[in-house]
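Novice: Mapping of the sequence shown onto our numbering: residues 9 to 139, in sequence order.
The hints are all genuine.
So the derived label-pair ranges between C-beta atoms look like this:
1. M9 / K127: 47 to 53 Å
2. R83 / T32: 35 to 41 Å
3. S73 / A49: 33 to 39 Å
Taking lysine to any residue pairs in the SDA-like style, the calculated list, with each CA pair at most 20 Å apart, reads:
4. K89 / L100
5. K127 / F93
6. K127 / I38
7. K89 / I78
8. K89 / T16
9. K127 / V86
10. K68 / D11
11. K89 / V61
12. K127 / E87
13. K89 / L99
14. K89 / T59
15. K127 / A90
16. K89 / S62
17. K127 / L92
18. K89 / I124
19. K89 / A128
20. K127 / N116
21. K89 / S17
22. K68 / I78
Note that these hints are calculated values from the structure, not bench results.
Just so we're clear, the structure is a prediction, and the values are computed from it rather than from any experiment.
Note that CB positions come from ideal geometry on N, CA and C, so glycine has one too.
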Amino acid sequence: MPDFIIETSYHLPVYRRRPYSAETMEQACIFALGDEGWGDAREAVDDSGETYVSGISQGKTVYDSPELAIPDAFREAVERKAELFDELVALLREPAQPMGLSERDFRNWLPRAMAILAKADAIHAGDAASP
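Construct the entire structure; sequences and hints are all you get.
Specialist: Written as structure tokens, this is what we have:
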């Protein structure tokens with residue numbers, strides 16, 4: 009019977025609460041994200057994320073063999089959702105064909121699809137000010 013080394017992980021949220029003087033709420037958020045001081049941080053243990061498999065290798069010690077691919081069912085859900093998001097965006101990017109839609113329905117659908125794609129692009133680029 010083979011041995012496997014299974015590495016599991018979970019995300020532990022760490023937070024801080026500080027006042028920021030700014031012209032707008034958005035500017036205060038930018039200041040907070042740029043603030044590198046974490047000396048007063050607290051752990052939110054009750055809000056820790058799911059446990060997921062973050063590494064697999066076959067053998068009795070960690071470095072006996074190369075890492076194996078993690079089956080999707082054991083990977084982090086947020087990572088799988090992000091990949092699905094990318095796949096859905098790619099699908100929406102395909103040339104839209106009004107198959108089965110009236111021209112009027114298609115004209116109503118297209119601006120909404122374009123707005124969602126703009127939002128997806130901003131999220132994918134890591135833009136904090138996404139629409």
